[in-house]
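**Q** So the chains spell out like this:
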Amino acid sequence: MSPSETTPTDTNATDATNGQSAYVGRRMRRKEDPPLLTGKGRYTDDMVVPGMLYAAIVRSTEAHARIASIDTSRAAEAPGVHGVFTAEDLDLAAGMPMAWVPPGVEVKTPEHWPLARGEVKHVGQGVAVVFGEDKYATVDAAGLVEVAYETLPVVVDPEAALTDGSPLVHEEFGTNKTHEWGLGSEDMDVAWEEADVVLERRIVNHRTAGAPIEPRACIADYRAGYLTLWTTTQIPHLTRSFLAGSMQMSEDHIRVVAPDVGGAFGVKLNHYPEEAIACAASRKLGRPIKWTETRSEHMATTIHGRDQIDYVKMGVKRDGTITGIHINVIADLGAYYLLLTPFIPCFTAFVAGGCYKIPRVRTDITGVFTNKFPTDATRGAGRPEATHLLEVMVDQAAAELGISPIEIRRRNFIPKEDFPATVAVGIVYDSGDYHGSLDKLLSKIDLDAFERDRAELQKQGIYRGIGFSTYMEICGLAPSRIVGPGGVGIQAGFWESALVRVHPSGSVTVYTGTSPHGQGLDTSLAQIVADRLGTSPEVVEVMHGDTNTGPYGMGTYGSRSLSVGGEAVARAAQKVQDKAKAIVAHVLEAAPEDIEVTGDRFSVRGSPGKGMALSEISGAAYIPENLPDGMEPGLEETTFYDPTNFVYPFGAHACVVDVDAETGRIDVSRYVAVDDCGPAINPLLIEGQVHGGIVHALGQALYERIHYDENGQLVTGTFLEYCIPSAADVPSFETDRTETKSPSNSLGVKGIGEAGTIAASGAVVNAVVDALRPLGVTFINMPLNSMHVWETIQEARS
Amino acid sequence: MADVRVSLEINGTTYEREVEPRLLLIHFLRDHLGLTGAHVGCDTSNCGACTVHLDGAAVKACTVLAVQADGARVTTIEGLGSTGDLHPIQEAFWEHHGLQCGYCTPGMIMAAADLLERNPDPSEHEVRDALSGNLCRCTGYHNIVKAVLAAARAPHDGDATPPESPGDPTLPVMGVGA
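Protein sequences appear in the order of chains Y and D. For the first sequence, my numbering assigns the number 1 to the initial residue and increments by one for each residue that follows. For the second sequence, my numbering assigns the number 1 to the initial residue and increments by one for each residue that follows.
Hints in this document: simulated from the structure, not taken from any laboratory. Please read these numbers as outputs of a predicted model, since none were measured by experiment. Virtual Cβ for every residue (Gly too), placed ideally from N, Cα, C. Be careful, since some hints might not be right.
Coverage of chain Y stretches by chain D, computed from C-beta distances (three or more under 8 Å per stretch; other residues unrestricted) [claimed, not checked]:
hint: 1; segment: 26-35
hint: 2; segment: 61-73
hint: 3; segment: 254-262
hint: 4; segment: 272-286
hint: 5; segment: 408-414
hint: 6; segment: 514-523
Produce the complete structure using the sequences and hints provided.
**A** The structure is reproduced here in structure tokens:
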């Protein structure tokens, strides 16, 4: 493997080290697709382990009850059944983890065990579990477990739960209030004094489900003191740490694998009871245990999102200037906590000022127990709630003042020259160009034509409206000092790891501590590495999701996998590049600073044709006959990267709706989005994230709602009642981007996985109000199903 | 109830098995034959992740009993195309980023194949209508619809510039441990 002296041939490739890219920025189709396209993906439920038993969980039919008795005898005798467990049969040292301990704030935290102990507090709570050889027979046997309940009073309305005399979810606390937490300005009175108009609205951000199409599943295999868990998770490494605690095992004896994961949207950012049950049972029964969630179980026992009642007060001057905003959040947390349940509403507080220069911003949160399943992180996690209420309020203020929704936004935007911008809640927005994205959005919309069409349609009884949402969000979780134990209070660090390994042949394997599940990171990370190492993404394999390979990692959530995980990969690749340059300089007898990556070679600046390919460099590194003195052989580097700030994506969205006033039916006829997530690594993937994110929010705005009746029974327990949008319900999208670099990382990138969801619901609601204003409608809460819209029209008319 | 003998031709191979009368075709494919390409995403026949072709027409394999399919010819995603020889719809999904997590993808592709068999030149509206029984939570459907329309045009329309590929179709699934 001696260096050859040939001229680089890839004319596309320029000097990646000087900021020009061979692969970064290209619309490249995904490396991960071929198996997924051909039915060769491997999801957790696809796998079979020899000797495996199936688990079927007996779940509470009551929302609140004492368990008088559980008779497992008939189930235990059923054919093929190897065990029936109740809570006391699980040898676990800890219940389900909750990771938020805010300094100075008491959060009432109930014990939460994988199976109910004595009482059930929501429908679907696990009471017993049956393990059997045959999938169908095991479910049959679960039906033979007899549970006698003594029902207790139920509370489902969070505001009722806060009143004196309400039934208590946890008697021992003497209240349903979980905690109070606030962030922002202390002198809101000044904001109201400075305002000409003060508006107050009650904005409901109802409970939703993440509802990935793959339900949860896991297989636990405990053998000879070692435990392997395959599970549908976004956080394999953290799951291993939790199991080390609950199973009282040494962490090195546990392996957690996230195989292909079929979507997650935050709801797989958790450690669930079924994972703990499967692991404990596998150890006790000496058999691998498989559990696969049904969709009905998913709707009842996989975390829900949102569920805030937001009392919003906004002060504005006559010219539209916002003087302040205060939000009282009533956060319905459900009956127990999962990993971050009480923390999630805090995100609302961080972005409560949005992209506006508002001198006073404050959020006060009251958490509430109800007899429902816990809420937790779902795509956007607290930020969709903030953007929604803020964008709705801005439109409400515009209408009140007789200013156009576009003009009021422009008058309040934080100007481009103010960045980095310290805002009222005390955080520093990294970069932004809010006027730029709104201007680009408006360049795509002919408002005169819109008005002409609107007038024509109204003659046919169709009311057309347009709504805007100009958003910013905070993602790239997270600077550990800000969100960690001494900061906001999450008991973890939020850095990310990367290992870049060049093999002797010159091909590359990258290990990332993120755990992607549809985002396309295999491709985008390979593009980043290929540029830095003068190779092709085809020969850069990206590994993730297995605690036995690569360093500890924090997982995929909070739109962090590129801005934190990708930055870690870029830094590890840079270290490899630095070593490779030193080797090339030594072998070719040149100065290290004269070595540059040009296309598929490491070349000597000023000496055309003189250089080495990566495979030649790796050859020199692994057969170390001619390395610089003191240099270690091999060619791989590891990085742990902890960001110093979040990243702050932003953009402007517009939604056009047609409302049939006679039926209340809404048709989203056009949706235009301009987003800014910094320089694109792969525009194709960004567009995909934006499309999906928008539809997630359209679903919430229009149809989706997790609904419990007054008895705590889940009314929307399947996809029959919980309606996620189909292809026939949504339009194609018009998307575009602006590119404003983030100074927070060397790639300049910001997250894009949640942005569409954060932006869209406000645009939809504003469009519907705009459409129905001629009928007297001035305000409406989600979800905008036909009945609700029709009723709102009737009320306005009467 | 006693098991029942069934014989099905699946992706060109004939399988004979004794099955419970209540066994769903999707579980027969996945659990008895190891054909895990078709997925299960709901309990109510809403999501379409289990879509396969039964005697040439798309069905949701969660609404068909294995015994009902006795004697039938079944095509699953595994029988449509392989990594080295993708079906035009698979190719179009790849080129137009019509998938993210991939879980709905096999069902979506089988439903799309059924549509294009019946209607080789559908409008966007017809594509959306035909796929309304298949739910996707990742893509927002935009690129799925684009891919199906492109696949419909594929044999006689080469003007679209597909994205570049960094991928080797033979690369293994990553992240899957033994």
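**Q** Between the segment 26-35 of chain Y and chain D, are there enough contacts, at least three residues with CB-CB distance under 8 Å, for the coverage claim to hold?
**A** holds (count 10)
**Q** Tell me whether the statement that chain D covers the segment 61-73 of chain Y is true, taking a Cβ distance below 8 Å and needing three residues at minimum.
**A** violated (count 0)
**Q** Quick one: see if chain D covers the segment 272-286 of chain Y, three-plus residues with Cβ-Cβ under 8 Å.
**A** violated (count 0)
**Q** Okay, the segment 408-414 of chain Y and chain D, do three or more residues pass the C-beta test at under 8 Å?
**A** Since three or more residues must qualify, the claim that chain D covers the segment 408-414 of chain Y is violated, with 0 doing so at under 8 Å.
**Q** Please verify the coverage claim for the segment 514-523 of chain Y: does it have three or more residues whose C-beta sits within 8 Å of some C-beta in chain D?
**A** holds (count 6)
**Q** Are there at least three residues in the segment 254-262 of chain Y whose beta carbon sits under 8 Å from a beta carbon of chain D?
**A** Coverage by chain D holds here, the residue count being 7 at a Cβ distance below 8 Å.
Checked against the numbered hints given earlier, this structure breaks hints 2, 4, 5; the rest are met.
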